[in-house]
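Protein chains: 2
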Amino acid sequence: MMNNENLILLDAAEAARRLSKVRACMSADGIGSALIRDFANIYYLTGRVFDGYVCIDMEREPKYFVRRPMHLCGENVVSISKPENMAEHIITDDAFALELDTLSYSAVQRLCRAFGIVSARNVSGALRRARSVKTPEEVATMREDGVKHVHVYSLVPKLYRDGMTDVELQVEIERVSRLEGGLGQFRIAGDSMELFMGNVLAGENADAPSPYDFAMGGAGADPSLPVGADGTVIRPGMSVMVDMNGNFNGYMTDMTRTFALGSLPQKALDAHQASIDICRVLEKMAAPGVEAKVLYEEAHRIAVERGLEQYFMGHRQHAGFIGHGVGIQVNELPVISPRSRDILQEGNVIALEPKFVIPGTGAVGIENTYVLTAGEGLKSLTNAPEQIIYFAE
Amino acid sequence: MMNNENLILLDAAEAARRLSKVRACMSADGIGSALIRDFANIYYLTGRVFDGYVCIDMEREPKYFVRRPMHLCGENVVSISKPENMAEHIITDDAFALELDTLSYSAVQRLCRAFGIVSARNVSGALRRARSVKTPEEVATMREDGVKHVHVYSLVPKLYRDGMTDVELQVEIERVSRLEGGLGQFRIAGDSMELFMGNVLAGENADAPSPYDFAMGGAGADPSLPVGADGTVIRPGMSVMVDMNGNFNGYMTDMTRTFALGSLPQKALDAHQASIDICRVLEKMAAPGVEAKVLYEEAHRIAVERGLEQYFMGHRQHAGFIGHGVGIQVNELPVISPRSRDILQEGNVIALEPKFVIPGTGAVGIENTYVLTAGEGLKSLTNAPEQIIYFAE
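Just so you know, the sequences run in chain order A and B.
Counted the way this note's numbering counts, the first sequence spans residues 51 to 443.
Counted the way this note's numbering counts, the second sequence spans residues 51 to 443.
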């Protein structure tokens, strides 16, 4: 007995809103139709992940090609066993596009052969831009996510035990996060990053450079995953930066708070305050139409003004950004970096993470996830105390 | 102060063994030189993950192009800031290859432009074949992994509490796995699967079809990650299948055991015994030179003979394989499926998972990870009791 289930989980109005945003971005790129395969994009368009494709064009309703699971149904749902089955259903003219930034070269070759074409346009950028401006429903979903994320962080001081390592503390945070409904999955676009549920950085380990494109590093517990907690025992005088996964509903909020054991040197306290101050300034400065790079420049200017430049966004190795879009994936548009060409738009959801690494102490600073409003700058979705939180000795 | 660190973490003899296997597979595919980017392949060749490329040809020592972290050094290590920097260092003739199965179409286009070529051969298959035959050092690493994996499973009965959901049980298993040194990261090749640390399937949820290419499904806790535990309360008469991540050192073992609360119907007990019996038969039948599909056929034959065909590898949705290679990633060669063309080789490490889904009860069966020996068939790396383990009521 197979119980059929409607493929589309979004309500009709929300699905139409997302579709019309995607179409507008496709049109701006000269794309007339596109076949979508990336799980994050399929989730965006339908509200669920399935193994298959969504075909979008400018006029007709989308078509949903489903390989698995086989019990999904609805209007315009076509069951396929292989990509070649789609050829008779889609029109592949000069304006046809595929997700060239995420599909493998071999996958694109196979699709082109199946459709009798030699190349396709690239729809990856259009989807990325469409997804960077969240709908009110998406913002509401992320707001709920932020509430849970904040709750998990409020439990962190109770999880600390004398003599704990960074890994042990992280494991206890993972546990409470999962018990609060955290899905664990850390969705990252592209192939330049790997991470398991987030980062807890204690003391000098924050200064260990990692291969990945994260704001902070950490040596990690194994050379197969060289990032984050490395087994450092948490000792007095160390900062402990907690930057853990907040994916409770398919959307992610990104949030960092700094904890510490014992007292930290004045330089670390100053840097932490600088991080908070930078957030306050950028929250007001951000507005639709502002260049993303201007936010980076202002953050950098404040760091320099306070004599903290050498610790800004790392010490042995520096990250090249202080913020990034976040949503279904942790690295969405806009990018807040010196060479970013992104222009802020109402509905962007942006994580700001102006952080510092102080030798001998560790990482300090905060990260919040914000939604960009029309008239009130950035509004935080991760409302929790921002001062350093001290573990009971 | 930047402390430099040698890039190569493998000992010289082991690095040479792996290189010579890769070269032999490249040569068989008519490939003269290749640029390797995939993290799993970089880890295989060097013993660490870094952001960059490894260039292999038939005569010269490999070259290591490192973008990040910047403190890695050693012979033939070249620092790059972008792929274009490699052009002057490599020879891209007709026999030059890239990993076309994992690099995105856009990434391949960019590399081809940088090197002034229009296309490249595909080295993905050569790497996959080379990695499918483990070196003795890799087998030793996986053996250590299996010991830890087995230890974690031995703790599962103590983690069960009356009234627990499948998610809650899974979270406690995740915790003990992580505290035993589990890295959490579940490395999967390709874009057809997503999973967070493994699967715990209780009762009827085992029969919920998933979009992913795993042996078993499960509805999952959210449509953004529709696989595995879904919040089912564990009740008497349910089986609880535990198939959790065993990545303690960069290599994965794959292992499943079935737990239960109260008594299970005879059909479920028979199916569980059939799974064990299938493993016993295949352990002896497997030998270098045997076709992988023959193992599938024999497993299927036993399932049919015992009247269990409709429950074999799923009930509402059936998986098309009963085993797979495993190593750095969970889905390596050989594939044990009816249409597999793979021939078993000494040194293959293979997970066998002949499982059944019994309506009203749940999933039963076992999974072990084995190394294929020259004269003694498959030797298990996951040596733990295989009978159903009953939770204390």
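Do not take every clue at face value.
A pair holds if it fits inside one copy or across any two, identical chains being indistinguishable in the list.
Quick list of in silico lysine to aspartate or glutamate cross-link-like pairs, EDC-like style, CA-CA up to 20 Å [stated by the list, open to error]:
id: 1; residue 1: Lys113; residue 2: Asp320
id: 2; residue 1: Lys317; residue 2: Glu355
id: 3; residue 1: Lys429; residue 2: Glu359
id: 4; residue 1: Lys317; residue 2: Glu187
id: 5; residue 1: Lys113; residue 2: Glu55
id: 6; residue 1: Lys208; residue 2: Glu222
If you are wondering where the hints come from, they were derived from the structure by calculation, not from laboratory data.
The hints, checked one at a time:
no.: 1; hint: Lys113 with Asp320; in the structure: neither (55 Å within a copy, 44 Å between copies)
no.: 2; hint: Lys317 with Glu355; in the structure: within (14 Å within a copy, 74 Å between copies)
no.: 3; hint: Lys429 with Glu359; in the structure: neither (27 Å within a copy, 57 Å between copies)
no.: 4; hint: Lys317 with Glu187; in the structure: neither (42 Å within a copy, 47 Å between copies)
no.: 5; hint: Lys113 with Glu55; in the structure: within (16 Å within a copy, 52 Å between copies)
no.: 6; hint: Lys208 with Glu222; in the structure: both (10 Å within a copy, 18 Å between copies)
Hints 1, 3, 4, counting from the list given before, are not met by this structure.
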